[in-house]
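Participant: This is what each chain is made of:
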Amino acid sequence: MARKEYAFYPGCSSQKGASASNYLVSVESMCKTLDIRMTEIPDWNCCGASISYAEAGELPRHVMNARNFALAETNLPGQDIVATCAACWLGARESKERLEHSDRLMADTQTALKEAGLAIKVIPEVRHMVEVLIEDLGYDELKKPVKKPLQGMKFAGYVGCQTNRPFGIAGESFENPMYLDKLIETVGGEAVKYDQKVTCCGGALAFSEPDKAQGQIKDIIEAAYDGGAEMIVTPCPLCQANVEVYQGQINKRYGTKFDIPVLYYSQLMTLAYGGSAKEAGLNGNVVQARKLEEFAGK
Amino acid sequence: MSDLNQEMAERYKNNFLKEIEEQAEMGEWVKMCMQCGLCSGSCPTNFHSGWDHPPQEIFMLIRAGKREEVLNSEGMYMCTSCYNCYVRCPRKVPVTHVMHGIAEYAYRIGRAPKAQPTLHLSKTFWSNATKYGRVNEVQLTQSLYFKDGLGAGIKKGLEMKDVALGLVKAGRLNPMEALGMGHKCKDIKGIHAMLAKAEELEARNKAAKGKE
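Heads up: the sequence lines are chains A and B, in that order.
Throughout the first sequence, residue numbering follows the numbering used here, covering 23 to 320 in sequence.
Throughout the second sequence, residue numbering follows the numbering used here, covering 33 to 244 in sequence.
These are calculated hints, taken from the structure and not from any lab test.
There's no promise every hint is true.
To be verified - If the Cβ cut is set under 10 Å, some of the chain A residues that face chain B in the computed set are: (1) Gln37; (2) Ala40; (3) Ala42; (4) Glu116; (5) Asp130; (6) Ala134; (7) Cys223; (8) Gly225; (9) Ala226; (10) Glu231; (11) Ala235.
Stated by the list, open to error - Rough simulated footprint, nothing fancy, chain B against chain A, three-plus residues with beta-carbon under 8 Å: (12) 68-76; (13) 137-151; (14) 267-273; (15) 305-314.
Built from N, CA and C at the ideal position, the CB exists for glycine as well.
Based on the provided sequences and hints, a complete structural model is requested.
Facilitator: Structure below.
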């Protein structure tokens, strides 16, 4: 039996062939080393994300999350739900709080769930992968399996928004959370100081209003370079994609020469635990992390 | 004026604050605003062009009964859901959610600004996500590019070509999803039945308000 077991909610972006598929690969490798068993919630559905606000309305949004709660509770009793995506975590956790605080919402939700043959008894805890690492294992346990510290490498820990606000990681401040820097240091890297750690990447506006979002992304990358970072690290799939994939367009628009890899914390951990480039999902990075590829090959 | 808009305007007469409190999700928080402006100062998009009214202005306009100005505002759709305003508000107003709630209400009664790109994304995202239960990222992107017609879509597609190719190469974009081959839930029928019921209940609850 594994040391810890959770009901895994990967979310739409962390599926095979989807935009954060390399996040999924590295989380699987990391969890294997840490002896964490993540069992996918059978037939889970989309959380609705924040952006669906105008069309979805209140009850339909909560009902979507409630279906996942019911599926987790029925199929994986007693296990906390763990999301790797910031938006999935926020959406599901918000629905949990709202349903638990309103008898009317809960009653309506049960009525709707019945249409899909489901019901909720007790909503499981909804947690982010990072919470599991920090709270259930702790930095010392995370450090034990480190075989190859990422010595001499400088990272800008980019926390962004939705793993930080409105819920955040317990004990951290909204304005300057330290957990990501600590994770970087736990695997032997250097976390640089820079001033855009919790700035928004533009979120969904990267699609709908690219001018605005790319302006924000430019500020984040510039600050990371100014802080002396060689790479950016993040816990959020949308932060990762937005900060990575538009660098070419930003370069054209602003005359910059950005070429900075954007990694997930789970990729760093996999590599420090002795994993291969493939196990860390480095082949899934659009801006190649050459230094890490060399490091993995050594 | 759409029928629903007219009905609401008549039901609440000149009390727009009450209308928002009862009809918009989290609208009951509007009166808690003390006009300090921390929300607007914390907003990442407030420093770009296009903002007609940042949150604290929206709140004051509601209290001043400026119904059309609020419902037609682009302000709510500037929200990136970053939650800066939400965590900083000294009165604990969940500003992010209030803005979403007002946006949803304006759209529901047919008064939201036309051709608002983020509103369009919101609609597209939800219909995409609920069609198969999971988001089809390729179809989502396609429907955004082609929202202004075929020519504009092709132009946009070419602009974004390098971004897309980079993702395909990295195994993070599956072109087969364009044909509906992507990820799906098994119980799509159950999801649709569940959502239909939720929409029915929500409409009934909202219709009942303000009539007692």
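Participant: Each hint should be assessed against the structure and marked as holding or not.
Facilitator: Results for each hint:
1. Because the smallest distance between the Cβ of A/Gln37 and any Cβ of chain B comes to about 5 Å, under 10 Å, the interface hint for this residue holds.
2. Hint status for A/Ala40 relative to chain B: holds, with the closest Cβ pair at about 6 Å, below 10 Å.
3. Nearest Cβ of chain B to the Cβ of A/Ala42: about 7 Å, under the 10 Å cut. The hint holds.
4. Interface restraint check for A/Glu116: the shortest CB-CB distance to chain B comes to about 8 Å, inside 10 Å, so the restraint holds.
5. At a threshold of 10 Å, the smallest CB-CB gap from A/Asp130 to chain B is about 5 Å, leaving the interface hint in force.
6. Satisfaction of the interface hint for A/Ala134 is found here, the shortest Cβ-Cβ separation to chain B being roughly 4 Å, below the 10 Å cut-off.
7. Taken as an interface hint, A/Cys223 checks out: its beta carbon lies about 8 Å from the nearest beta carbon of chain B, inside 10 Å.
8. The beta carbon of A/Gly225 comes within 4 Å of a beta carbon in chain B, closer than 10 Å, and the hint placing it at the interface holds.
9. Satisfaction of the interface hint for A/Ala226 is found here, the shortest Cβ-Cβ separation to chain B being roughly 6 Å, below the 10 Å cut-off.
10. Here the hint on A/Glu231 is kept, as its CB sits about 6 Å from the closest CB of chain B, short of 10 Å.
11. Among the interface hints, the one on A/Ala235 holds; its C-beta lies about 8 Å from the nearest C-beta in chain B, closer than the 10 Å criterion.
12. Under the rule that three or more residues need a Cβ within less than 8 Å of chain B, the assignment of the region 68-76 of chain A holds, with 8 such residues.
13. Given a C-beta distance limit of less than 8 Å, the hint that chain B covers the region 137-151 of chain A holds, as 4 residues qualify and 3 suffice.
14. Here's how the region 267-273 of chain A fares: 4 of its residues keep a CB closer than 8 Å to some CB of chain B, so the rule of at least three is met and the hint holds.
15. A count of 4 residues in the region 305-314 of chain A with a Cβ less than 8 Å from any Cβ of chain B is obtained; the coverage claim is therefore met, three being the minimum.
In summary, the structure agrees with every hint in the numbered list given earlier.
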